[in-house]
Amino acid sequence: MTEQVLPGLQLEKVDDRIMTLNVGPQHPGSGHMRIILRVDGDYIVHCDPDPGYVHRGEEKMAEYRNYITNIPHLERPVIHDSCNILYPYCLGVEELLGLEVPERAKYLRVIAAELNRCVYTQYWLGIYGIFLGHSTMFMWPVGDRELFVDLLEKMTGARVTHSYFVPGGIRNDVPPNFEDVCLRYVNYFEKRIKEYADVFYDNPILISRTKDTGVLSKEDAIKLGTTGSVLRASGVDFDIRKKEPYDVYEELDFDTNVLKEGDSYARSKIPWLDMFQSCRIIRDALQKMPKSGSVRVKLKPNPKGGDAEVYRRVESGRGALGMHIVSKGKPQPYRLKMSVGSFRNLIAMPHLLTGEKLGNLPPVYWSLNYWPVEADR
Amino acid sequence: MSVIAPKFRLGYLLKGVIDNALWILVLVTLIAIPAIQIILIYIDLPVIDGVLWDPFRTLDAITHPERALPLMKAFMQTDLFKVVAFPGFGFAALIAAAVIFVERKMLAKLQLRVGPFYCGKVEGILQLMADGLKLISKEIIIPAKADKPIFWAAPVLFAATAAAFVALIPVAPGWVVADIDLGLLAVFAVIGFFPIITILSAWSANSKFPFIGGIRALYQMVSFEIPLILSVLGIVLLTGTLDLVDIIESQANFPWIIFMPIGAIVFFICILAELERIPFDLPEAESEIVAGWLTEFSGMMYGLVQLGSYLKLYAFAALFVVLFLGGWNGPSIVPTFPAEIINEGIVLMPDALVIKDIPGLPLFSQEMINGTVWFILKTVGVIFFILLPRGVFPRVRIDLLLRIGWYKLIILAFVNIFIALGLVYGGIIGPGGIL
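If you read the sequences in order, they're chains A and B.
Number 170 in our numbering belongs to position 170 of the first sequence; there are no gaps in the numbering.
Number 18 in our numbering belongs to position 18 of the second sequence; there are no gaps in the numbering.
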């Protein structure tokens with residue numbers, strides 16, 4: 001039996017022309033992971049992403065907690081997108097326990113999820129800006145993100161880790177004047193994100209730098225199993241909100257953004273375009289939402305799931321986010337497996353970076369819509 | 001909605017100004033004056049006219065304008081003053097400090113932030129001082145296998161070379177530290193040192209990211225020096241001199257930017273690249289190579305490199321002003337001194353018992369003050385345009401950068417030279433021309 005050797009520890013033949021660079025984990029352009037690069041001059045000849053620096057064992061932890069106490073720690077992998085990461089869990093547990101969610105709660109869930117998607121995308125966009133040396137593009141999204149963070153605070157009581165979704169609905173109803181405030185914020189937010197085109201997306205230097213770099217063809221995108229914005233930037237029209245609608249998404253009016261180029265410019269543009277659709281969804285949901293009613297069904301103190309398995313997935317900020325819950329009739333799940341978009345997009349990274357210039361590392365890497373903490377779980 | 005910036009309040013501003021003034025008063029009274037007196041006690045004071053000069057008498061003499069002013073005027077003509085204070089290091093460092101403050105506040109306003117706010121009470125004017133103190137107090141860490149002498153020397157050399165560059169810039173008529181005939185050639189000789197220092201420091205750090213950053217800096221500086229020199233060649237053709245003072249005097253009627261806008265644009269873009277400023281800050285590209293060739297510098301070594309780069313910023317902006325915007329030339333905005341003051345001196349306290357004539361006024365001539373004011377105004381304007389891209393542009397990639405340098409800027413620089421040649425052979429300007 002061969003001994004498995006960790007990446008970076010193998011013995012290799014030393015080549016004078018090749019230089020090995022350890023980008024990360026303590027590097028301003030790496031995130032919480034290490035990327036082992038071999039460069040020949042200015043060209044990357046080998047790329048070996050090494051995730052796992054922030055592995056926390058979320059899946060194992062979930063086996064020792066019951067269905068309700070699992071909620072706060074399961075959102076830790078992506079605290080900026082905590083509503084969306086709890087969404088498949090709540091959908092799955094509802095199916096296991098046979099709960100029927102009230103109509104108002106479904107709409108409020110969609111609103112919270114879309115607000116949270118915008119919050120995550122703004123943060124991601126800010127980091128994309130600073131990766132390209134554009135400090136204004138870091139400050140603007142992070143400043144505008146505050147609007148929705150404040151709105152979510154009004155809604156859920158917490159700025160980042162909301163723990164808003166529970167099996168059977170949402171934790172609490174929104175404050176009385178929420179609809180007006182939300183509509184005002186969303187309108188202002190849409191006006192603000194339109195201005196990003198002037199300073200960032202139409203910038204000739206940005207276009208010359210990110211166009212035709214890290215091109216992922218349609219076939220490769222499907223073969224490598226990418227998801228979310230990466231897949232849609234390569235010309236595949238795949239959005240779980242459209243293909244497998246959950247809660248009330250099928251009643252709401254929105255489009256999917258698809259670009260054909262598949263380069264890092266298109267990949268960086270898709271989440272930004274998605275934010276406009278999120279604003280549209282929120283406005284539509286505010287209109288169609290029942291104005292009053294219950295938001296949560298009553299649960300037994302320590303609910304037990306039957307002898308069953310469920311798999312539910314949603315469209316998170318980084319693509320498909322699925323949770324497979326195996327129940328063996330105990331108050332705790334027997335096994336919980338998360339399938340996250342970040343990790344699936346990471347698989348495309350060596351494919352895209354090999355042969356690129358070293359200067360293309362940040363735009364290609366971060367355009368994969370990758371969140372290291374979520375990939376490590 | 002979240003609060004983006006605190007509201008401006010005049011009361012807070014006035015309170016800050018008064019607070020600072022009081023603090024200065026307290027510090028001067030409690031520390032500076034006693035310190036001077038204590039120092040004077042321990043100095044062997046001379047015996048003049050048979051009287052031993054005690055500390056009190058010396059202070060008295062210093063504070064008497066009739067004695068102090070001629071001394072000051074004589075001191076200002078010395079080389080020491082020129083090097084340390086006015087056209088040299090002190091003046092440039094003051095402008096550099098102002099530039100850092102303006103850059104921070106301007107960038108903050110552009111990005112919907114506040115910027116430095118608390119330090120120094122008035123809009124954070126003392127933030128730079130706080131940063132300097134912090135850098136001085138930090139431990140200096142040197143990589144284990146670094147080439148220590150070169151690694152230590154690199155920041156000092158960088159700041160010194162930038163200061164040498166500053167010394168070549170004429171600020172006002174007669175006010176230049178090093179007035180040499182081949183000033184422009186000397187400038188390019190000094191600029192040629194920067195890539196050497198950069199690659200030396202990058203190599204001596206014995207670390208990968210500084211090495212890549214140093215190589216990038218070398219590529220960038222060397223390939224942008226060629227269009228930089230070529231863009232200036234037009235002016236040399238027209239004026240027939242390499243002396244910076246002569247070049248300024250040739251622009252008494254019109255600045256060269258009117259005839260050579262292409263050269264000015266090429267020169268400006270090359271300045272951005274030579275200064276490693278956004279969008280050409282590849283040697284310090286944070287997300288790719290940490291901080292480029294500055295990665296291993298810590299504490300005051302980093303501070304020295306920053307000081308050097310801001311001195312360089314001032315010097316390049318001043319060079320642009322000297323070559324293209326007419327240097328100190330400008331309409332007279334400072335009123336002339338009354339003739340009787342210049343001839344007879346000023347009379348202090350006419351109603352008092354003792355009437356004193358003070359000779360030697362004014363300290364600076366009218367042309368000098370006027371020229372300095374125009375020079376500072378133009379330089380600040382150029383620096384503003386150097387700072388502005390930082391808020392608007394992302395970083396370019398190294399191959400695109402080199403393509404800009406070799407394919408576009410060199411061609412434009414040659415176009416500029418042909419324009420200059422056309423002007424010379426057409427007999428419009430230049431030696432024996434119409435204008």
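Please keep in mind that the hints were generated in silico from the structure rather than gathered at the bench.
Wrong hints could be hidden among the right ones.
If you anchor each label on the Cβ, the simulated ranges turn out as follows [stated by the list, open to error]:
no., chain 1, residue 1, chain 2, residue 2, range
1, B, V102, A, A197, 27 to 37 Å
2, B, V380, A, Q287, 45 to 55 Å
3, B, V114, A, P204, 27 to 37 Å
4, B, V380, A, D150, 46 to 56 Å
5, A, E103, B, C119, 29 to 39 Å
6, B, G132, A, K211, 53 to 63 Å
7, A, A197, B, F337, 50 to 60 Å
8, B, F81, A, K211, 50 to 60 Å
9, B, A32, A, R56, 36 to 46 Å
10, A, D150, B, V26, 39 to 49 Å
11, A, E153, B, K138, 31 to 41 Å
12, B, L388, A, D48, 56 to 66 Å
Here a beta-carbon is modelled for each residue, glycine too, at the ideal position from N, C-alpha and C.
Item to check | Which numbered hints fail | outcome: 4, 5, 6, 9 and 12
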